[in-house]
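Protein chains: 2
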Amino acid sequence: VTSGTLQSVGLLARVLSARGIDRIAMEQPGFHIHRALLRRCGLTVVPVPVDGDGIVVERLERSGARAVLVTPAHQMPLGAVLAPDRRAALLDWAERHDALVIEDDYDGEYRYDHQPVGALQGLDPDRVIYAGTVSKTLAPALRLGWLVLPQRLLEPTLQAKELLAAEPSAIEQLTMAELMQSGAYDRHVRRTRLRYRRRRDLLLSMLAEHAPALTLRGIAAGLHVAVDLPPDVAEHDVVARAAAAGLRLNSLAPFWHDPTDRPGGLTIGYAAPPDHAYAQTLVVLAAALTQASDQTRFGRAVSTR
Amino acid sequence: VTSGTLQSVGLLARVLSARGIDRIAMEQPGFHIHRALLRRCGLTVVPVPVDGDGIVVERLERSGARAVLVTPAHQMPLGAVLAPDRRAALLDWAERHDALVIEDDYDGEYRYDHQPVGALQGLDPDRVIYAGTVSKTLAPALRLGWLVLPQRLLEPTLQAKELLAAEPSAIEQLTMAELMQSGAYDRHVRRTRLRYRRRRDLLLSMLAEHAPALTLRGIAAGLHVAVDLPPDVAEHDVVARAAAAGLRLNSLAPFWHDPTDRPGGLTIGYAAPPDHAYAQTLVVLAAALTQASDQTRFGRAVSTR
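Going line by line, the protein sequences match chains A and B. Position one of the first sequence corresponds to residue 1 (our numbering), numbered consecutively onward. Position one of the second sequence corresponds to residue 1001 (our numbering), numbered consecutively onward.
Just chain A, with the same shape it has in the complex (with noise of 0.2 Å):
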């Protein structure tokens, strides 16, 4: 049990060093936060791009690295989910160079639209780390995550944890035992995911009607979508727009090993207004993109200039 996933990779980070391994691959783009604890962890963080399909496997090859970060239930932060040929690919590579897998399960709860997607760490328990976290399902307030480790990584992985004095509240430790026990966490995921769901559903109606030109990224799971810009639309013109009436909306610079060579994105989250403030939040959301659109080419009303 952890801090969350954030110091869950951070321990990581310090059994890796432990055990020689100072090189880590990480999906690009890929969330900056894990990158930025890695680094100051002593790792260097060697970018491998994604695609439609989750991490570019074969570009792990000259990588150089013996461990690899990854979100195969929904890619941080574009949204694909780790295709069936590149998990068999990722755990193959795995094999061929002793590697380890740490399988950071962002979304892996709320996915929409397909079956759910299993876990890599059940494909092969010996070189895959499980990551899990409450911060999605219940609050990151809480800070509490998980860690499901190979065996030969228990010990090693525990002394790193002691060495931070960190654990968490015991008193959450045991209110989330006890939710898990009972079945009510189940329950509350289920219930969370199709209000999520409709959320979605909602925010890509509004969207389809104003702004049907945006390319949407990683709708099937997770509390956000990305949004591609087209090149001449610049981003902080759009979440300036936004800001101003009220919304914050993310550039996916920071995502990115070099913000400055990279294709223009935004994420938009739906989870964080509360229910009664949902569908004003949309119409608001709407405005933003209208107005921004009829300078760009990106909505319904792009100018004819």
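Among the hints, erroneous ones may be present.
What the hints assert, rightly or not - Here are the computed distance ranges between Cβ atoms for each label pair:
(1) A:Gly183 x B:Gln1115: 50 to 60 Å
(2) B:Gly1042 x A:Asp53: 43 to 53 Å
(3) A:Gly118 x B:Ala1253: 27 to 37 Å
(4) B:Glu1209 x A:Gly183: 48 to 58 Å
Think of the hints as simulated: they come from the structure by calculation, not from any bench. Since the structure is predicted, the reported quantities are computational estimates derived from the model, not experimental observations. In this text, a Cβ means the ideal position worked out from N, Cα and C, and glycines have one as well.
Starting from the known structure of chain A, arrange chain B on it as the hints suggest.
For chain B alone, kept in the frame of chain A given last:
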């Protein structure tokens, strides 16, 4: 805000290391869990003896240390309060050696027989780091503590903390803030101070009756008393007799840097038993001590063999 005093100590170990301070002095006997963590964080821990007035500051002079970890309110584990002249001497030592004093305010909330003792930190905020916790006042299960730092150490400590990725539960932090702001925390401490004082008084009455020859230490504060054992009494015998009666007493052995060369002693905690069981717990403790005293000279019924 930290995950408790242990994490605070570990954070400061990292901050000291980064400032080139690799030797830290600690009270002897002193809290072994802190000592172990300081060592694992790479510091050399130098033992400095304590007497009835707390740490013997003149012995600090030859320690070569530029930092010291002390428990001035209620020395852990022997219970001395750091005497006024020692306080002055300690701060003078820190001034002359450009050293830092870490004040673990152990049991600072629970002083029974005198005026509350002020924090060292208030006397020299630029050299003394104050470490507080709710582990005694609310529950160690919460893992919630705090540091009051000299301004120049704030940023390095925050950076060291970020590397642990160990933010305590925000829900518990907010709850704690509400408890403090509303005055409920102060009321709770006052209420429990009275309750623990009554428990201590009952314990002292029982010991005076059943084990009058025992030397007690640290009775003026805290949640335990320390007990000197005569040289011919085996600690493990007393601990085993108590354990057989369902009571756990702790040897002072782990508190010594070198446990093979030290006087015998025990701690008797009086905070843990529930209220309804406390009187009966004392009866069981008295019986265990009386049985042990048949073979020793610390009880009333000393054997005449």
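Results of checking the hints against the structure:
| no. | hint | verdict |
| --- | --- | --- |
| 1 | A:Gly183 x B:Gln1115: 50 to 60 Å | holds (54 Å) |
| 2 | B:Gly1042 x A:Asp53: 43 to 53 Å | holds (45 Å) |
| 3 | A:Gly118 x B:Ala1253: 27 to 37 Å | violated (51 Å) |
| 4 | B:Glu1209 x A:Gly183: 48 to 58 Å | holds (54 Å) |
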